[in-house]
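Protein chains in written order, with this note's numbering: chain A, 1 to 299; chain B, 1 to 299; chain C, 1 to 299; chain D, 1 to 299.
Since the hints were made in silico from the structure, they are not lab data.
A couple of the hints might just be wrong.
Same chains, same names: a pair is fine if it fits in one copy or spans any two.
[Stated by the list, open to error] Taking lysine-lysine pairs in the DSBU-like style, the calculated list, with each CA pair at most 30 Å apart, reads:
| hint | residue 1 | residue 2 |
| --- | --- | --- |
| 1 | K90 | K201 |
| 2 | K82 | K112 |
| 3 | K219 | K112 |
| 4 | K267 | K90 |
| 5 | K267 | K172 |
| 6 | K75 | K173 |
One-letter residues, chain by chain:
4 protein chains.
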Amino acid sequence: MHTYSENKIKAYQQENENRARLLIRCPDQPGIVATVSQFLHEHGANIVTSDQYTLDPEGGQFFMRIEYECPDLLKKKSNMEKDFSLIADKFEMNYDFMYVHDIKNVAIFASKEPHCLLELLWEWESGDLMANIAVVISNHETVREMVESRGIPFYYIPANPEIRKQVEEEQKKILEQYDIDLVVLARYMQILTPDFVKEYKNRLINIHHSFLPAFIGAKPYERAFQRGVKMIGATSHYVTDDLDEGPIIEQDIGRVDHRDDVAAMKKIGQEIERSVLSRAVKWHLEDRIIVHGNKTIVF
Amino acid sequence: MHTYSENKIKAYQQENENRARLLIRCPDQPGIVATVSQFLHEHGANIVTSDQYTLDPEGGQFFMRIEYECPDLLKKKSNMEKDFSLIADKFEMNYDFMYVHDIKNVAIFASKEPHCLLELLWEWESGDLMANIAVVISNHETVREMVESRGIPFYYIPANPEIRKQVEEEQKKILEQYDIDLVVLARYMQILTPDFVKEYKNRLINIHHSFLPAFIGAKPYERAFQRGVKMIGATSHYVTDDLDEGPIIEQDIGRVDHRDDVAAMKKIGQEIERSVLSRAVKWHLEDRIIVHGNKTIVF
Amino acid sequence: MHTYSENKIKAYQQENENRARLLIRCPDQPGIVATVSQFLHEHGANIVTSDQYTLDPEGGQFFMRIEYECPDLLKKKSNMEKDFSLIADKFEMNYDFMYVHDIKNVAIFASKEPHCLLELLWEWESGDLMANIAVVISNHETVREMVESRGIPFYYIPANPEIRKQVEEEQKKILEQYDIDLVVLARYMQILTPDFVKEYKNRLINIHHSFLPAFIGAKPYERAFQRGVKMIGATSHYVTDDLDEGPIIEQDIGRVDHRDDVAAMKKIGQEIERSVLSRAVKWHLEDRIIVHGNKTIVF
Amino acid sequence: MHTYSENKIKAYQQENENRARLLIRCPDQPGIVATVSQFLHEHGANIVTSDQYTLDPEGGQFFMRIEYECPDLLKKKSNMEKDFSLIADKFEMNYDFMYVHDIKNVAIFASKEPHCLLELLWEWESGDLMANIAVVISNHETVREMVESRGIPFYYIPANPEIRKQVEEEQKKILEQYDIDLVVLARYMQILTPDFVKEYKNRLINIHHSFLPAFIGAKPYERAFQRGVKMIGATSHYVTDDLDEGPIIEQDIGRVDHRDDVAAMKKIGQEIERSVLSRAVKWHLEDRIIVHGNKTIVF
């Protein structure tokens, strides 16, 4: 499977050698779209898709994502970036050029429950998750086999609140070693320190097993059962220092009824968790998400 | 429209003259189903649908709803009820016989926003809500015309926290006058006193404009917008003394995204509120709901 | 209610005096976005939202919808349109300028079943359907009262296949008299002649009570029941000469199970029909739909 | 993983040693429920769940599924079955006793696309599919590794319409060898002969990649794209001799829009196919499905 996935990714990189994405965020003002599209046109780039959004009530912020094709992109890109910096200065832009052939390196943190990890591995095996799953780190041995059998390095690092700092030091070393762009907490269930969160700001995605802000914190299915809700959900979000309060990327729900006990809710919930996390990770990999304060714009 | 609805209801009553529902709740033990179905068989009743549920972990509670047809039901029913009381004693049952031709009298409490009231009126006009909408009470004049034009009595009773007791006295008089079985709070937006809540226990349905327990209390759409959720919801529940904490009957959700401001969320939410409240009211009218502690069993 | 709706619409028109939409369709080529956005910028217009789509495999068609604000729009608009025609010529554009304060005149064709008509009337009463519902025409008297009580002219024109031509002559006269922009078939159930369809091309919306292309033609709920499907749906589409084959605007579905007979399916289906038709009509009114061949692009 | 799954299944068998299901189908008549529940009570069995349904318009057919617990079930069961045959004769019942600890032997037929096979394997690995996946047969080598690495026997049998009979002879031999109770066509894409279909009547489940009866036959995603639908679906059904016309077990749908080309529709569709097939197989394994004519009753 590993080979299958690798070949799919290589083919994808070749097909998309000339494709890039430009993400922009700046104060709203006249002429932004005209200037940016003129810039791309002059550099021989053709806009494939373009999305924009203006957040009025909170101070006129403008957000844009442009995906474009440009012949000989690899040769031209440094020049284009230099030229664009003048425009960016003028409009006070916060911006990123992302090149599709630069496949992101992903680390997955897992614990005992394998369903979210397995969904990501499986999407990756099928060639539907265009990333390099570089490493899996877990505080349990449970998932070692399913990781290593796919040719992915696995690190077992036991964790608990007392040794948090030390655990994170080990984790960070590994993340640096594999040059990780994105960390996915696939039901990792451990709280991270503010230092760690800061270092991976907007590059650290969690799945919470409730429809946030309902059931923040531990044991959401147990509490959903106690409350007698008729739907349960899952929420994928970027991690911040406030537990389960980071910018929400995606949510979904499923129906339950009085016959569903906690175990049944968990099973229904796991299917929701899998697909919600998988969508959130894909959107991040496709550079579709702009974080603004405590919210996400998903283009 | 009024006549259309009245004719539909009369036809429904005639068609269902011999139809009844038996709701049972008792400690679980062997032989309940055998005994009850034998009882119905001996009295010439034919079971049309039957649902049961046993809640194991919390003490072995047994719940059952049987809908049956019985020739000459109206003549037989008092005898059947008397005979059944022996069975009920033996199994320590909490039970209700409900007769389908006994159409329930419903009062709707409304405020300024008409969408939930309108949905109920409209379902009723179409002959899809088998109830007698006997009276509408509102603390605003806004909806008077849409109520009176349908031939339904309308009472305007201004309300605010200071005069709560006095307002409720007036309301109770009206509810008694119309012999009300069910009170529906169709976005009434006023808190009721424990006395009122107690008097209409399990007969007082509210619609809350959030996916409870998220956004309990005031201004849920504003808070959903601030939190950046990707879905909003509505919850219909029986009212208890704890604000928005009563037994949930039904919930549903709709998707929103970064483009939706508070006004857009409200519009999306109103469609959800309408259908969630309407389903909850119908299930109550069809005697499908058994309240157990802070939860509902919906058969 | 009529007054309420009228006031809402007037307020909406005033708020949106300077707002317009530009819909473009042309062969794909470099520089379109740059040129159009430059044009708007030079004329003092600020882009509020912009959506684009390129249909690659079928010949490189480019589609765009821009919503913009422009001070003194009413004074400037004829000049802008003239200036734009040069750009349009260069890029071989098919385009439309739509001004938000030009509220569209809508005629609704109804028959016996009122649910779709009522939904539209109700959305309109609530100020959520920004149109002038100018007239309702029906081949049955059933809905007269609900139309006239809202102050909307109602015309009863009996219809059957034999007198189709003559019926349509009468209908067309009324449509001209009220200067109708959009005709909505709210479960009208009569087939229209090719002449009529041609005259209202892309301005004639139907709701079909199945998930097309399943159950094309008559009695879809009966056939859904016979087939034993687990979901039923509704489809809103522009009408063409081929029965139920026109460009689909919106679809939705609901769950059914073995307990649902044809009557139950109809009730479940009616709620779906209502919301699907209502969404399709709103999108048309907001100039979100571009028809391309037998498909729609909905921005 | 194999061991994990085996242990889960063994634990499940032990837990459910005393649990059985009784499926009944007979002409409707008074006293069925009373008689059956009396029978179970007398034999010391306690009803855990019970579902019934009466199909009125088509001749008064009665359907029932009872799940019960009975101490020493394994010792008692042959006696119970013998005693029950008298009741069955009296009511002209078609019935089955199913014992939960009798885990069903499942064969999966696959082809090139692995997603449906993988979902089933994965659910099985997680202990969520309570079956013995005894063998996988495919007309391509693609999935060999993912099957064998899980310790499941894999047979490669090339197939095409010309050699259908001969291929099926080989397949049948294998199915007999493994004592197969259920055959799942996980996107097998080959038509089976009437003989084969007859032999596995109501034990042969297929997944069709469209919302049947829309897009019966080949290339449904291509045709959905051509038609411009706004939703695509998947349908799981028992196989009959009429292509894609067998009794539907489960369906689901997902939203698509104009941006989704055939490849995108396939990806969206694959996720739907996976979950629809998985639900259908689980319901079959849990003895929840009764086939009646060309429909299913799913309790």
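Going through the hints against the structure:
1. K90 - K201: So K90 and K201 pass the 30 Å test inside one copy only (27 Å; across, 47 Å).
2. K82 - K112: neither (47 Å within a copy, 47 Å between copies)
3. K219 - K112: Result: close within a single copy only, 15 Å intra versus 39 Å inter.
4. K267 - K90: neither (53 Å within a copy, 38 Å between copies)
5. K267 - K172: Neither, since 33 Å and 35 Å both go past 30 Å.
6. K75 - K173: neither (33 Å within a copy, 61 Å between copies)
In summary, the structure is inconsistent with hints 2, 4, 5 and 6 from the numbered list given earlier, while agreeing with the others.
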